[in-house]
Amino acid sequence: MIRIDQVTKRYADGTVAVDRLSLDIPDRAITVLVGPSGCGKTTTLRMINRMVEPSEGTILLDGADIRDQPVNTLRRSMGYVIQNAGLFQHRTILDNIATVPRLLGWSKPKARERAAELMGRVGLDTALAKRYPYQLSGGQQQRVGVARALAADPPVLLMDEPFSAVDPIVRKGLQDELLRIQDELGKTIVFVTHDIDEAIKLGTMVAVLRTGGHLAQYAPPAELLTAPADAFVEDFLGADRGIRRLSFFPSAGLELRTEPVVAMDAPAARLTAPADVPYLLVVDTDGRPLGWGAPDDLTAGAIDPARLLNHGRPFTPGRDSLRTALDGAVLSPTGWAVAVDDEGRATGVVSQQVIGEAIRTAHAAGREDVTAAR
Amino acid sequence: MNVLDYISHFFGDGALWHGYDGIPTRLGEHVVYSLEALVLAAVIGLPVGLVTGHFGRGGNTLALIATGGRALPTFGLLVLVVTWFGFGTGPAMVPLVVLAVPPILVTTYEAVRSVDPSPVDAARGMGIHESRILFRVELPVALPLILSGLRSAAIQIVSTATIAAYTGLGGLGRYIIDGLSQKNYEKVVGGATLVAGMALVTLLFFWAVSRFTVSPGVRRSE
Ligand SMILES: Nc1ncnc2c1ncn2[C@@H]1O[C@H](COP(=O)(O)OP(=O)(O)OP(=O)(O)O)[C@@H](O)[C@H]1O
Ligand SMILES: [Mg+2]
Numbered sequence: 001m002i003r004i005d006q007v008t009k010r011y012a013d014g015t016v017a018v019d020r021l022s023l024d025i026p027d028r029a030i031t032v033l034v035g036p037s038g039c040g041k042t043t044t045l046r047m048i049n050r051m052v053e054p055s056e057g058t059i060l061l062d063g064a065d066i067r068d069q070p071v072n073t074l075r076r077s078m079g080y081v082i083q084n085a086g087l088f089q090h091r092t093i094l095d096n097i098a099t100v101p102r103l104l105g106w107s108k109p110k111a112r113e114r115a116a117e118l119m120g121r122v123g124l125d126t127a128l129a130k131r132y133p134y135q136l137s138g139g140q141q142q143r144v145g146v147a148r149a150l151a152a153d154p155p156v157l158l159m160d161e162p163f164s165a166v167d168p169i170v171r172k173g174l175q176d177e178l179l180r181i182q183d184e185l186g187k188t189i190v191f192v193t194h195d196i197d198e199a200i201k202l203g204t205m206v207a208v209l210r211t212g213g214h215l216a217q218y219a220p221p222a223e224l225l226t227a228p229a230d231a232f233v234e235d236f237l238g239a240d241r242g243i244r245r246l247s248f249f250p251s252a253g254l255e256l257r258t259e260p261v262v263a264m265d266a267p268a269a270r271l272t273a274p275a276d277v278p279y280l281l282v283v284d285t286d287g288r289p290l291g292w293g294a295p296d297d298l299t300a301g302a303i304d305p306a307r308l309l310n311h312g313r314p315f316t317p318g319r320d321s322l323r324t325a326l327d328g329a330v331l332s333p334t335g336w337a338v339a340v341d342d343e344g345r346a347t348g349v350v351s352q353q354v355i356g357e358a359i360r361t362a363h364a365a366g367r368e369d370v371t372a373a374r
Numbered sequence: 001m002n003v004l005d006y007i008s009h010f011f012g013d014g015a016l017w018h019g020y021d022g023i024p025t026r027l028g029e030h031v032v033y034s035l036e037a038l039v040l041a042a043v044i045g046l047p048v049g050l051v052t053g054h055f056g057r058g059g060n061t062l063a064l065i066a067t068g069g070r071a072l073p074t075f076g077l078l079v080l081v082v083t084w085f086g087f088g089t090g091p092a093m094v095p096l097v098v099l100a101v102p103p104i105l106v107t108t109y110e111a112v113r114s115v116d117p118s119p120v121d122a123a124r125g126m127g128i129h130e131s132r133i134l135f136r137v138e139l140p141v142a143l144p145l146i147l148s149g150l151r152s153a154a155i156q157i158v159s160t161a162t163i164a165a166y167t168g169l170g171g172l173g174r175y176i177i178d179g180l181s182q183k184n185y186e187k188v189v190g191g192a193t194l195v196a197g198m199a200l201v202t203l204l205f206f207w208a209v210s211r212f213t214v215s216p217g218v219r220r221s222e
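Top to bottom, those sequences are chains A and B.
Our numbering puts the first residue of the first sequence at 1, with every later residue one more than the last.
Our numbering puts the first residue of the second sequence at 1, with every later residue one more than the last.
Facing chain A, a subset of chain B residues (Cβ under 10 Å, in silico): (1) Ser118; (2) Val120; (3) Asp121; (4) Ala122; (5) Gly125; (6) His129; (7) Val141; (8) Ser215; (9) Pro216; (10) Arg220.
Simulated from the structure, these hints should not be mistaken for lab results.
From a predicted model like this one, the values you see are computed outputs, not experimental measurements.
Quick reminder that beta carbons are idealized off the backbone N, C-alpha and C, glycines included.
Hey, can you work out the whole structure from these sequences and the hints?
Right under this line is the structure:
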């Protein structure tokens, strides 16, 4: 565990970047430091690998003061990833990744072998190994940055806005990749961002910092969304925090209706809808959804898939959250969301009203959880 | 008689290919003095430029030295040194070195200082020693600019060494000076041609060095 204990950083010009900050950073989890620009996130992160020395207070790594070991030994035990990757232009991708193993005295072939292995792990084609950084896209460079930080298998990973310079789609890919890598490797990651969505998506714990380096709240993301500590945190979470919270509620409990699901080749008798369902969901012979149709418009044996209404984006109960289910219902022209199994076969449909009920129940339960946890 | 005639007469004169005033001797002298001056200037300019560039300090002092260096009249400096120390190889080297240090020093400083700070930050965060950061992270990226500083210094030395012939340095400048006093324009033009040729060879040399020492990742040419 990394324990930040009453740490203050006052820069030479008198700026207090971090003010008596105490934070326990759990092992094998992602702890996110989030907050507005200039609130002291980078300063806090850089104090952990002693790129910045605290003015007061101590930082303990597994119980020992980080100042007890030589600074470069400490740094080599912590991977460090920065915003624009900071790759060495004059070295190939493979040699960039092999940097720290080489520093630690590994032989060149062994270091390169390890580097090639890491390229695979971070989702880089090994065909890029002999290229130079300028020949890579921003997203690929960032992956190299992550691979380089992981090369010597350090227990700790420090990441300072690693994904903020790439476009949103690439960023999402990098975030998913990081979560996957974390599932496999279980590093102690301290991740700095100013993007609250990124914090909520990645963080096991999220520390919200306020300008002047004050800790505003330190909590798991679901708790942050449910019970923001004060107006600052609430404001920082943004207007749609209620919707975002839904990401933490499973859609598994939703009651699905199966009667409105009909096959392409269904007999005329099946082409009637229950009184409370205005539309039928037509599925193909494999059970995959084709679209919605009003019962009056459907002729048995002559259903034209091209004339059906789009069924929107389906959700998979058990894997997707209530947020995805709600999104599916809102985007569906009928107001009903389509549930599918892992193979994409329709397993039922659910209305906005039912999802709304589930949300109210979940919110109520969530509030109790948070209160109970205190 | 036009310039080309002068040149063909000069190089066609068999006598000029031997003896203490022959082309091989004079060329050899010129090359040796130029190289000595360049090495000396590099030994002074490179380390100071690298270290100040790495720490990002002393830029103002360096700028002052550079302007001072550029403003110094070569010939005046030569006369001054000779009046103080007398004729000879030693004094003649002084202006060559003095003029070559500023371009080396200033471009090296600028080259290192302008290296992208993020790889340096990353390297520090990885636990790489400061001196190693300078030589393994900054230098390879700063190399093209550093070489260009050395190249301008070298060109400057080659041409200034011509003037230094006045003080008994020998070299190709002798042809020009002697030619002028003897009103032997063949000699003047021939000497000037040799100096120009040497400048060209210097350029070629630096081009080759950069081909072999600058990483393709920095050259960005593949
Ligand atoms: N070397 C320094 N000298 C003086 N003040 C500094 C220095 N580095 C940072 N600061 C100041 O300390 C405060 C915190 O800076 P820090 O870089 O930690 O913020 P941050 O939260 O990472 O911001 P951002 O999101 O913009 O990266 C700011 O007011 C900044 O101006
Ligand atoms: Mg920052």
